[in-house]
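Per UniProt numbering, the sequence shown starts with residue 1, numbered consecutively.
FYI, nobody ran anything at the bench for these hints, they're computed from the structure. Computed from a prediction, not measured in an experiment: that's the story for all the values here. For glycine and all other residues, C-beta sits at the position ideal for the given N, C-alpha and C. Certain hints may be false.
Unchecked claim - Straight line, CA to CA, 20 Å or less: simulated DMTMM-like cross-link-like pairs of lysine to aspartate or glutamate:
hint	residue 1	residue 2
1	51	61
2	41	4
3	51	22
4	51	62
5	51	15
6	32	22
7	51	6
8	51	38
9	41	6
10	51	25
11	32	6
Stated by the list, open to error - Pairwise CB distance ranges, derived in the manner of DEER restraints:
hint	residue 1	residue 2	range
12	21	62	20 to 28 Å
13	58	28	14 to 22 Å
14	6	32	19 to 27 Å
15	30	5	27 to 35 Å
16	50	15	17 to 25 Å
17	68	30	25 to 33 Å
18	65	16	15 to 23 Å
19	68	22	17 to 25 Å
20	21	68	18 to 26 Å
21	32	68	23 to 31 Å
22	28	68	27 to 35 Å
23	19	68	28 to 36 Å
24	67	35	15 to 23 Å
25	68	17	14 to 22 Å
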Amino acid sequence: MHPELDNRIRVFRAEHRMSQSDLAEAIGVSRKTISTIEVGKFVPSTIIALKIANYFNVPVEDVFSLINDEE
């Protein structure tokens with residue numbers, strides 16, 4: 001996972017019984033993009049992050065958060 005960014009995409013997908021492909025199609029990106037964001041290999045653009053949050057009708061902060069190194 002990217003050392004500074006955490007995300008809850010998998011949790012939101014599970015709550016909505018969605019596959020990575022379903023979410024990718026809904027927001028106009030590839031399944032691989034969703035996969036790499038979920039596992040932290042790719043930090044999404046602001047637009048993609050907002051599209052994901054908007055799709056689940058939650059604030060972007062509910063999906064993505066910064067990891068505090070001091071924890």
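Could you tell me which of the hints above the structure violates, numbers in ascending order?
15, 19, 20 and 25
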